[in-house]
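So the sequences go chain by chain: A and B. First residue of the first sequence: 1, per my numbering; consecutive thereafter. First residue of the second sequence: 1, per my numbering; consecutive thereafter.
These are computed hints drawn from the structure, not numbers from a lab. Watch out, some of these pointers could steer you wrong.
Derived contacts from chain B toward chain A, CB cut-off under 7 angstroms, selection only [said to hold, decoys possible]:
hint: 1; residue: Y149
hint: 2; residue: A267
hint: 3; residue: V269
hint: 4; residue: L285
A few chain A residues that don't get close to chain B, going by computed Cβ distances all over 10 angstroms [claimed, not checked]:
hint: 5; residue: L14
hint: 6; residue: L18
hint: 7; residue: I21
hint: 8; residue: K43
hint: 9; residue: K78
Chain A is nowhere near these chain B residues, computed Cβ spacing over 10 angstroms in every case [what the hints assert, rightly or not]:
hint: 10; residue: R38
hint: 11; residue: M77
hint: 12; residue: V157
hint: 13; residue: I180
hint: 14; residue: Q189
hint: 15; residue: I191
hint: 16; residue: M196
hint: 17; residue: S263
hint: 18; residue: I293
hint: 19; residue: V351
Cβ coordinates follow ideal geometry from the N, Cα and C atoms, glycine included.
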Amino acid sequence: MAKSPGRIKKKPYLKALLFGITSAGLYWVVFTHEAFVKNHWGKGGIYAVLPIATAFLFSFIHGSFTNHFYSVLGIEAKKK
Amino acid sequence: MTKKKLIYAALLAAIVFVAIASPALATGEQVKAIKGVRFIDLKLWYAVFLFIVGFIGGLVSGFIGSGGAFVLTPGMMSLGVPGAVAVASNMCHKFPKALVGAIKRHKYGQVDLKLGLMLGISASVGVEIGVKIMQYVQQMWGDAGSNLYVSFAFVVVLITVGGYVFYDAWRITKRGGLDIVPKLAMRLQKINIPPMVNLKTANVRISAWFTIPLGIATGMLAATIAVGGFIGVPGMIYLIGASSLVASATELVIAFVMGLTGSIEWALVGMIDIRLTLLILAGSLFGIHLGAIGTTYVKEHMIKVVMGTIMLIVALSRGFAIPKYTNQLGLTSIADSSVKLMSNISFGIMVFALSLGAIIILSSMIKAMRKKPSEIREEVMDFEGAADETA
Chain A
1 MAKSPGRIKK KPYLKALLFG ITSAGLYWVV FTHEAFVKNH WGKGGIYAVL PIATAFLFSF
61 IHGSFTNHFY SVLGIEAKKK
Chain B
1 MTKKKLIYAA LLAAIVFVAI ASPALATGEQ VKAIKGVRFI DLKLWYAVFL FIVGFIGGLV
61 SGFIGSGGAF VLTPGMMSLG VPGAVAVASN MCHKFPKALV GAIKRHKYGQ VDLKLGLMLG
121 ISASVGVEIG VKIMQYVQQM WGDAGSNLYV SFAFVVVLIT VGGYVFYDAW RITKRGGLDI
181 VPKLAMRLQK INIPPMVNLK TANVRISAWF TIPLGIATGM LAATIAVGGF IGVPGMIYLI
241 GASSLVASAT ELVIAFVMGL TGSIEWALVG MIDIRLTLLI LAGSLFGIHL GAIGTTYVKE
301 HMIKVVMGTI MLIVALSRGF AIPKYTNQLG LTSIADSSVK LMSNISFGIM VFALSLGAII
361 ILSSMIKAMR KKPSEIREEV MDFEGAADET A
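Make a model of the complete structure from these sequences and hints.
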């Protein structure tokens with residue numbers, strides 16, 4: 001889809017795989033330690049940093065994975 | 001260039017500090033009201049539900065700049081999540097989603113960062129005003145009065161603004177997709193009241209005195225019905241004169257600013273259930289990329305079609321929720337079974353609104369992707385013909 005004349009763009013298989021595994025790993029960690037997460041992430045006060053930082057971390061890791069996922073599938077923005 | 005970036009960073013930091021410094025307003029009140037379990041036990045189908053609704057909400061947000069919250073919050077509450085936790089967990093998924101979407105659409109050259117930050121700052125002020133009004137309504141008429149006020153605001157704003165957006169989209173479709181700068185925006189751009197702001201990506205020069213009230217209105221609506229984008233995006237199009245593409249992309253910056261400040265407030269009082277947030281985020285980050293990619297394929301007026309359609313259907317859904325509150329206030333005496341049925345219909349219509357928006361986006365995207373170059377050339381020639389006729 002996003003081909004330029006005479007040059008085929010490489011699909012980011014490795015990046016998709018790495019970010020995908022990391023993302024899945026992070027989800028696995030959160031849900032296998034559910035009770036701990038529930039207690040500490042909802043404490044409020046200084047612990048407020050935990051949910052905010054977690055949201056940023058997941059947006060980067062999982063966001064990068066989903067981005068590369070669509071590139072691997074060939075679904076990319078239309079070149080103007 | 002570096003100076004500019006520093007100014008943007010300083011502005012963003014200022015908003016965050018202002019929002020944190022202000023007492024947690026409604027947040028604190030709602031926390032006090034929670035009795036019993038704050039964080040529910042998760043079941044597998046809850047996770048599947050949140051992932052799917054997150055995906056659809058993300059898809060719509062990536063495309064029109066907002067959406068999803070009006071289904072996610074009541075959806076979580078129907079799973080047994082307390083209202084404040086549902087609002088907080090939804091808010092905490094909103095800012096990372098908006099961040100990812102804004103970065104993506106910035107790469108496509110659609111985001112006006114200056115406009116987004118200006119509106120984001122004034123929207124933060126608007127949220128505080130909106131919360132004060134909500135508190136006043138609640139003190140005067142209790143929970144039922146507050147809910148009736150929210151539903152009334154929903155119906156009035158969504159029918160008025162959504163109706164106009166839909167009408168405009170219909171007119172553009174009749175013109176073959178040709179969009180023109182609204183007359184009101186052109187008039188406002190000619191009024192020279194300092195400070196004038198140059199908005200490069202939006203290709204607009206306008207007085208800051210017109211952007212500030214729009215931001216405040218967006219924030220007030222966000223505090224009332226939780227979807228500020230329903231006034232922010234049409235406001236950027238019809239008052240400021242930004243294109244639908246720029247307005248919907250810039251709304252993501254506003255959503256990020258408001259979402260981050262709101263999430264910090266909720267996190268300080270421990271109301272965010274991060275498990276719910278992460279499950280919604282898992283789906284919505286898949287959706288937001290797809291929605292953003294979709295904007296590069298479809299005709300620009302499709303943003304107005306989707307937005308107008310969703311707004312009108314959601315207005316209808318809130319209409320069905322009104323009898324419940326008028327009953328509670330003693331204004332009507334409709335049978336409980338009928339009220340319950342109407343509440344269920346209301347939620348069903350909201351789910352339908354979001355799903356229909358997603359279907360329109362996906363179908364128009366697939367159609368555009370399948371188009372052959374010769375068809376695109378023909379369309380461009382028709383479009384140019386229509387533009388000449390309009391000129």
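Hints, one by one, checked against the model:
1. Y149: violated (29 angstroms)
2. A267: holds (4 angstroms)
3. V269: holds (5 angstroms)
4. L285: holds (5 angstroms)
5. L14: At about 19 angstroms from chain B, A:L14 clears the 10 angstroms cut-off, so the statement holds.
6. L18: holds (16 angstroms)
7. I21: holds (15 angstroms)
8. K43: violated (5 angstroms)
9. K78: About 4 angstroms separates A:K78 from the closest Cβ of chain B, which leaves it inside 10 angstroms; violated.
10. R38: violated (7 angstroms)
11. M77: It holds; B:M77 is separated from chain A by about 17 angstroms at its closest Cβ, greater than 10 angstroms.
12. V157: holds (29 angstroms)
13. I180: Label holds. Min Cβ-Cβ 21 angstroms, cutoff 10 angstroms.
14. Q189: Answer for B:Q189: holds, closest chain A Cβ roughly 26 angstroms.
15. I191: Fine: 33 angstroms to the nearest Cβ keeps B:I191 off the interface.
16. M196: B:M196 is indeed farther than 10 angstroms from all Cβ atoms of chain A, at 30 angstroms.
17. S263: violated (6 angstroms)
18. I293: violated (5 angstroms)
19. V351: At about 23 angstroms from chain A, B:V351 clears the 10 angstroms cut-off, so the statement holds.
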